[in-house]
Structure formats: structure tokens, C-alpha cells
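*Asks:* Read off the chains here:
2 protein chains.
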Amino acid sequence: MKQVYIYDTTLRDGSQGENISFSSEEMIKIAKRLDQAGIHYIEGGWPGSNARDARFFELARNEHFKHARITAFGATRKPHTPVEADLNLKAIIDSQAPTAAIVGKSWPLHVEQIMGNTREENLAMIHESVAHLKAHGREVIYDAEHFFDGYQDDAAYALETLDAAARRGADFLTLCDTNGGTMPFDIEAIVAQVRQYLTDKGFTSRLGIHTHNDCGLAVANSIAGIRSGAIMVQGTINGYGERCGNADLITIIPLLTLKMGIPSIPNDKLVTLKHLSRFISETANIVPLNSRPFVGRSAFAHKGGLHVNAIMKQPRAYEHMDPALVGNKRRVLVSDLGGRSNVMYKAKELGVELGDDYDSSEKIAAEIKAMENKGYQFDVADGSMKILLQKFTEQFTPLFELETFRVTIEKDKNQPCRAHATIKIKVDDADEITAAEGSGPVSALDNALRKALDKFYPDLASMHLVDFKVRVIDGCGGTGAKVRVFIESRDNEDIWSTIGVSEDIIEASWQALADSFQFKLAKPS
Amino acid sequence: MKQVYIYDTTLRDGSQGENISFSSEEMIKIAKRLDQAGIHYIEGGWPGSNARDARFFELARNEHFKHARITAFGATRKPHTPVEADLNLKAIIDSQAPTAAIVGKSWPLHVEQIMGNTREENLAMIHESVAHLKAHGREVIYDAEHFFDGYQDDAAYALETLDAAARRGADFLTLCDTNGGTMPFDIEAIVAQVRQYLTDKGFTSRLGIHTHNDCGLAVANSIAGIRSGAIMVQGTINGYGERCGNADLITIIPLLTLKMGIPSIPNDKLVTLKHLSRFISETANIVPLNSRPFVGRSAFAHKGGLHVNAIMKQPRAYEHMDPALVGNKRRVLVSDLGGRSNVMYKAKELGVELGDDYDSSEKIAAEIKAMENKGYQFDVADGSMKILLQKFTEQFTPLFELETFRVTIEKDKNQPCRAHATIKIKVDDADEITAAEGSGPVSALDNALRKALDKFYPDLASMHLVDFKVRVIDGCGGTGAKVRVFIESRDNEDIWSTIGVSEDIIEASWQALADSFQFKLAKPS
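Chains A and B, in that order, give the protein sequences. At position 499 of the first sequence (counting the first as 1) the number is 499 in this note's numbering, and the numbers step up by one without a gap. At position 90 of the second sequence (counting the first as 1) the number is 90 in this note's numbering, and the numbers step up by one without a gap.
The set of hints was computed from the structure by calculation and includes no laboratory data. Errors might be hidden in some of the hints.
[What the hints assert, rightly or not] Stretch by stretch, here's where chain B covers chain A in the computed footprint (C-beta under 8 Å, at least three residues):
id : segment
1  : 66-75
2  : 88-101
3  : 122-132
4  : 255-263
5  : 317-326
6  : 435-448
[Stated by the list, open to error] Cross-link-like lysine to any residue pairs, in silico, SDA-like; alpha carbons within 25 Å at most:
id : chain 1 : residue 1 : chain 2 : residue 2
7  : B       : K424      : A       : E437
8  : A       : K482      : B       : N492
9  : A       : K482      : A       : N492
10 : A       : K29       : A       : K2
11 : B       : K391      : B       : M344
12 : A       : K374      : B       : A189
13 : B       : K90       : B       : I28
14 : A       : K482      : A       : S462
15 : B       : K482      : A       : E410
16 : B       : K78       : A       : R316
17 : A       : K374      : B       : N492
18 : A       : K303      : B       : A189
19 : A       : K2        : A       : Q193
20 : A       : K259      : B       : A189
21 : A       : K303      : B       : K482
22 : A       : K369      : A       : T397
23 : A       : K451      : A       : E432
24 : A       : K482      : B       : K90
25 : B       : K413      : A       : A430
Just so it is clear, CB atoms sit at the ideal spot from N, CA and C, and this is done for glycine as well.
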């Protein structure tokens, strides 16, 4: 099948997402990562709309991109303004980006009711803007905003707007489901009709598809558009974007390559997708979605039991593809469904040598089961599981030991609480005692422990706690109920989870916190 | 178009998700909420596999379900075992659930390589198990596991397995994309072929579709199955489930009703979907996904500017549907539209008199909104909401006041933590100072507060804390992140929920705890 071009708009449409914003420098870093992944087009932003985007294009001019064409975004000229005088088009040209993407209106509702414009002037805005950019030697992508809504309301006019762009030489016409409300079967039918129209008219402009996820169908809609002849797909990494997000390129690319046999990015770049996904979520400071297709932490996670034996025998029986193809890996969640074979498998995965002794691995499985009955859940706490297996097999070398801690929280009337912690730890034969405040007892303890460890291990700064969950295990115990604390931590390379269980939330938090630090300190750096 | 039956498997397949587990009591609460939403089938679990699920069916027998049929899940009988002797089928029958769902193998790879079974014995397992359950008067849903993989490998055998179930009277045949790797166009084609096969054979069994989200296509695949003739869709609330999750019913239901004109749950229940989604994420203790289609907090969020004016003029220009249809609302991220009418409605519901003063209710709405921006969630904390409304309108009479508390937690080496609290409160003009231990800081504080209050209010013994949840609001803050504590309390008559938000877990717990006691003490007894 024909090559499909991947058009990334993480830097523009992606940063419309709530809580997402990138600096110009971050934008450049992201663009370089996208280029390394073999993405074909990188929409760098709207140089006519803000200084940050304009600065991005300045910086981008000094960078070499191996695969990607940097694309400047903007709109068709303003109504009743000569193209030469339009500042927004001028900014696109000044950006020196080789490709220009301009958005125009397809839907009479927008043209007339929202913009107070006429249909004719809208057509003129489109064809003059395209012609102007072509005259300046740009590759031109015309984005037909609200195309599917427009087509369903008034197909003839929607086609006229495309005609205006195509006849002035637009290289691509991108059909946008801007509000995200169109169904895949409608997308498929409409793209096919548009393609037929362009063929009949003898136009050479190629089709692109741009979808949003308001109906949970952005990926399906992209695929539907491609099946009907679109050869460019616009989306964002991790599907970031406003409302429910854009089409997720991290899902679409493997679907094209692995499920549909359609070439897009070079095949050998597929393995970089997991890291790309993680890099963008780190830069955007958004917790990665564990259930994200292909690249999520849980995407190839299996609960134990018979299942595990089956996967060893025949991965295809329980996995739709080899996780390594996208840089991900299989995870076996050890839970109370399993026994000895799960534990052996898990130990292997975590790199802990259990030895061949049947009895001892049987005993370990029994101990884990007993702890799970007390409320531990090792299927979600690989970090603690690894440490526990090392402890059982006497391979655990604690990189610090607790002597004692004391946490105090005080409150006066309506004043906020104040928390502080003192801690004494031992590393090798050296003691360290220190104290810290925190915004709560766990934070005070975390700060005190970090401060104490800092003397011995100065590279802890890269480690962050990204999630912290507390669950009452038996609700009827009230505030004295047993609680499970789950902590997820990360550094620049990895994410690991640890767990603690106790009737005391501080004890449980300490267990999870201590395991998390032990795990980090034991990592090869 | 024909009615589509909604089959919820949150309690079984949903709880296969990493980090998700429900107690039997939580399962009952969830089932009741699903029933209230008009869901047709609720799969309660696998009574033959564990005590918790068996207990659910016991509890369910004493509940009245208005819309839903409770369904017990299990597998076809074991190989070479008489159906009467199969413990798993026996457990299904003993559960007394009116509907039974049994899963069987469709794919020779599984039958032969994984199970080491023969094709013939597999067919016998299917038809005998179905016949056995029908003989016991059950409605039978036959789940064809790995159906699409099986069909693509060996269509004739896959159809034979369905035939085995259909000819013994299975009411539904559910085609499962168990590994989640099938594409929507293949689902659409295969379901159509199966339907034709059943029609040609004169079978009356109806078709269901069960998909997983490994390709980000679970919703699209469900829709594709329905378009080809499936009239039952199996999924979970919020798409929770193992790996990348199951098909999200919270997305599928509005698509059927609003986009495809296909009746499923009663139309007037659509507005409950947002709350249902939120309730399940609260119970599962999973942060709700802001970008979730239809019901997410960002699903109808618009950045300010021109956009907002356009929405006011013509919502359809920027929204694919009216958010109120699913109980959600538009959010304008810059200029707030306020929530005065919501506040008035809520005050009336909670029995707090706000008066007719427009300005003051406007002000209250703004204050609540500001608190919600800080992380309070009053939709799940009626107790705190009531106290807050009383405070705003100067109708709140505190039944005790805090002077001061101090909580200390100490730990020595590997000894468990010890926690104690001292507290001083004032009731009317009398002071009381006391101290208590506890199994953790919140428990110590709870015990000390109870002990202090006991002198003034001896009837507190009937009050219990039944649930206690902690959630990190902004993950990136690590242990210093803001947390939300949610407490559910009950006495013999009522259940009420309270909330606290702070960067200090003890402060947040105190807020929720103090509100809970104030609420209890203010209740007419």
C-alpha cells in the first residue's frame, strides 16, 4: 500500500490541552525527538499568533532535521484584506519553514453565523492565500476546518472550498473533524466521495485526515480516512489536545505498520515509540497513562495463573503482537491466582536469581501469598517485589538502614497543620541524624530521608514521586482500618512502584517510601 | 433501529485491571448504581473462582434490581468431566443468578496447543455446558473467547463452536476480541458473516460483541459489531480492565443514543452517566480521566477568547453535542460562567435556606468554584457541602471547636510505628484536653476527638467511619502534593460523606473528620 505521511501537531494542537504548555526550548527538544522518530511533518506552531511560536521557528532554522519538514501554521487571510498585507501570512513566510499549513472554513454556519462573512469572500480568502504561499515557494497544506460538519450540512459548498485550495496548487487538503463528533462510517464515506470529486476534476492535491477524540473514535476515524484514500494523518503524541484530545499518533503508527501493512515512519523507528511517548509526557509534566495502547505500562501486563504458562508456550495466544516491536515489554503481575511458576517467571523478569531449589521457591511463593492475604498487592508493585525476592534469597544489601524517626504534626485552632520529622539513618558504618519540615507527615519524612541520604548519594535529585494512593482495606475498621499505600516513582529512565501495608498510614507510607529509595539507589546509574 | 442490550462487566473483567479490586460490599453498591442507570445485564463475577464473588451473589439475592439481570460468569465444563460434576457450573447454578455467561474456546491454537485438548471434546464441552444451564432454566450467554483470532485462523471451526452453543439454545453468542488486536473493518466483516451463517442455519441465538482496547479501537470495534448485527455490547464503566482496558460503556451508550439513534438504556438515564463514571472511579480509587469522552472534566472545556462568544451564539459551532445530555457541562477556562443555579439547587436538596438575595448566592457560587479549583469535590461530599453552605450563610453553629492538637508518630528500626495524639477542644464554654493512641495518626486523632467529645455527647458510639480515601491531586508535587481526603461515615440511619483538601494529609483528614463529627452532632436524633 501507499506510504502514509505522519503529521505531528503536538506543539500546536497538543498544547491546546488543559494544563499543557511548552517553552520554545522545550518545543525544539520535542521537535528533535519527533525527527529522530522519523515523523514526516512537525507543525511548530502559529508564528503570527505569539512570540513563543515565532521564537521556535527562529531556533529551528539553526537545527538540522533529518526526516521532518518543519511546518508553520496559520489561517487564510483576513476578510477584505489583500494577501500581501496579511500579517499572519507574512509571519508564516518570515518563519522560513518549508511547509505552510493554513486553516480555512468549510461550513456555512461558521462562515456566515460566526464570522459574519459571505460564502464568496470565504472562497476568495482560501484561493488567494494558497496562491500567495505557493508563489513564495512553500509546500502548502490546506486544513479544511469543520469539514465533516460542513459536508453533512452543505456538501456542495464544502467541496467548493476544497476546489478553491486545490486549483491554486495546494499540495495537501486535510479534512478536519474539528468538533470530534463524526462517526467512522461517515468519515469513510465522505473521504471516499471527496477523493472521487478530486479525481473527477483532475486535481493532484492529496488528502489528509485530522480528527479529535470527543467520541473516543479519533484513532478509528483516522484509520477510516486512510482506508478511503487519505495519505496524511495529523495527530499528536499521546493524543494530547483540547477537550478529549487529538488522534494519538503513538497508536496510529503501529496500527498502520503492524496491522495494516502501510508504511509510515521507517520500520526501524517503531521501537522508539515507547520512549517518545514517555518523553512527551515528561516534558508536558503529565502522568503517563498506564493503559495507553502499545506503549503503556499495563499494555502487555498479564495476571498470573494458567495464563502465564500459556504465554511462555505461545505468546500469540494472549498477546496481539510482540511488545518489543514498539519498545515495550511484557509484565507478569504476580497475584494470588498464581503459584511457584509465576514467582519464578517474575524473578527472572526482575533479574533476581532464585536458584534451582524447588523447595525454596515453593516457600517464597507461600510467603508472598501470605503477605497478599494481609493486603499487599505485588502485581502493582514491582519495586517492592524485587526487594522482597532479594530479601528472601539473602541477596538484599540495604543501601541505608533506619535507626529511628519521629514525625510530629501540630495544629492550633484554624491555623494550618505544621509537620516536621527527625530521622536517624545508618549508611555502612556512618550515622546521620537530621530533621526536615514538610507539607505533611509523609512529605516531612520524605524530605528528612532525602536530606539524610544526600550526604551519601548526591544523585537523588532525578527521582520523583509521581503517584501516591492510599486504600482502606477493610472499611469497617474505621480510622483504625488497615491501609495499603502505593507509591509510583520515576527518574529520567524508569518508573517503579512500591507498596506498604499497615494499620498506620505513616508506617505503610514509610515501607513504600523506603522501598522506593532502596530501589532507586540499587539501580545501575 | 433495534434495541441494543448493555452488558456491564466492570465487576469481573473491569476488576482484572491493574490496581482495581472491589470488596463484595462495594460490588453490591456498584451493581445498584448500574441498575439505577438502566444497564440491562450486570456480570457479578465468577462464583466458582473465589469467595468474594460468591459472597456478591449471596448479597445480590436480597436486593431488588429494577432494570438489570444479575449474571454469573464461568467457563464451559472441564475436559472429560460430566457436566453434573463440574464445580464451576454448579457454582453458577447455586448463585441463583437468572442469567449465566460461560466462556468457551473458538481458536484451535488454544484448544490444542494451550489446553492440550481435542477439537471434538471442546465442542462437547460447549454444547453440554449450554444444555445443562438451559435445563436449569437459565438464560445463557455463550462467550466465544478469542473468536476473531480463531475465525481468521480457521473460520470453519470457529463457526462450529458457535453452532454447538446455538443448537443447544444459547440465548446470546458473544464474539470476543480477547486479545484486542482486531481491526474494525475485520470485526464488521466477520460479524456480518457470522450473522449470515446463523440465519442460514435457522438459529435464533442473538449476537453480542466484547472488545478490548489494545489497539485504541475498543469503542470503534463495538460499534462495528453493532452495525453488523450484534444486539448486545459488553464493556465496563470507564473502560477499566486489564492491559489497555475493555470497551468503555460510558462512551458507547451516548454514541448509540445520540449519534446512531439506537435505543439502549432508557433515554432519561443518559444524564446519569457522568455521575456513574465518577462513582466507579471513586470506588476503584482511580483518578478520573479528564479527557474521557462525554463525561470528562475537560470534555467540553473551551479556552477563552473568540471561541467563547461563538459558543454563546451557536453552541453547535464548537460542540458536537449538548453536554447536559450526559450530565456534563461546558467549562470555559478563562471567564467563568459561574454556577449559581447549581448551588441554589443543591442548597434546596440539603435543606439549607439561602434566601432570595441574588448577590449572595452569586458570591457563594463563586466561592465554591474557587474551592473546587483547589481540589475540593463537593459532588461526592454532601456532608461537607452542607456545612459549607451553612457557614456561608451564617447558619453554622459549631458543636465543638478545636483549640489545638498534636500528633506524634515514632518508629525505631524495624519495630512498627507508634502513634498518639493530644487534643484540646471547647464545647460551649467548657474545655476538654485529652490524649489517645491509635493504629495510625488519623486513628489516634479520631480516638482523641471521640474521647474528648464523649464527655459532652455520649451517643457518638453509633457513628462509624466506613471509608477513607486519599488521592494525590497533582501528581508532580511528589509527597508534597496536594491531597484530597474523602471520608464516608454512617450511623444507624444515614451515610454521609465529607472531604478535606490540603498538602498535609493530616490537615486534610482533620477537615474531613471534623466535618463528619459536626454533621453527626447536628443531626436530629
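*Asks:* Now look at each hint and say whether the structure bears it out.
*Replies:* Results for each hint:
no.: 1; hint: 66-75; result: violated (count 0)
no.: 2; hint: 88-101; result: violated (count 0)
no.: 3; hint: 122-132; result: violated (count 0)
no.: 4; hint: 255-263; result: holds (count 3)
no.: 5; hint: 317-326; result: holds (count 5)
no.: 6; hint: 435-448; result: holds (count 9)
no.: 7; hint: B/K424 - A/E437; result: 24 Å, holds
no.: 8; hint: A/K482 - B/N492; result: 23 Å, holds
no.: 9; hint: A/K482 - A/N492; result: 33 Å, violated
no.: 10; hint: A/K29 - A/K2; result: 30 Å, violated
no.: 11; hint: B/K391 - B/M344; result: 15 Å, holds
no.: 12; hint: A/K374 - B/A189; result: 49 Å, violated
no.: 13; hint: B/K90 - B/I28; result: 22 Å, holds
no.: 14; hint: A/K482 - A/S462; result: 32 Å, violated
no.: 15; hint: B/K482 - A/E410; result: 18 Å, holds
no.: 16; hint: B/K78 - A/R316; result: 23 Å, holds
no.: 17; hint: A/K374 - B/N492; result: 29 Å, violated
no.: 18; hint: A/K303 - B/A189; result: 31 Å, violated
no.: 19; hint: A/K2 - A/Q193; result: 19 Å, holds
no.: 20; hint: A/K259 - B/A189; result: 16 Å, holds
no.: 21; hint: A/K303 - B/K482; result: 32 Å, violated
no.: 22; hint: A/K369 - A/T397; result: 24 Å, holds
no.: 23; hint: A/K451 - A/E432; result: 10 Å, holds
no.: 24; hint: A/K482 - B/K90; result: 35 Å, violated
no.: 25; hint: B/K413 - A/A430; result: 16 Å, holds
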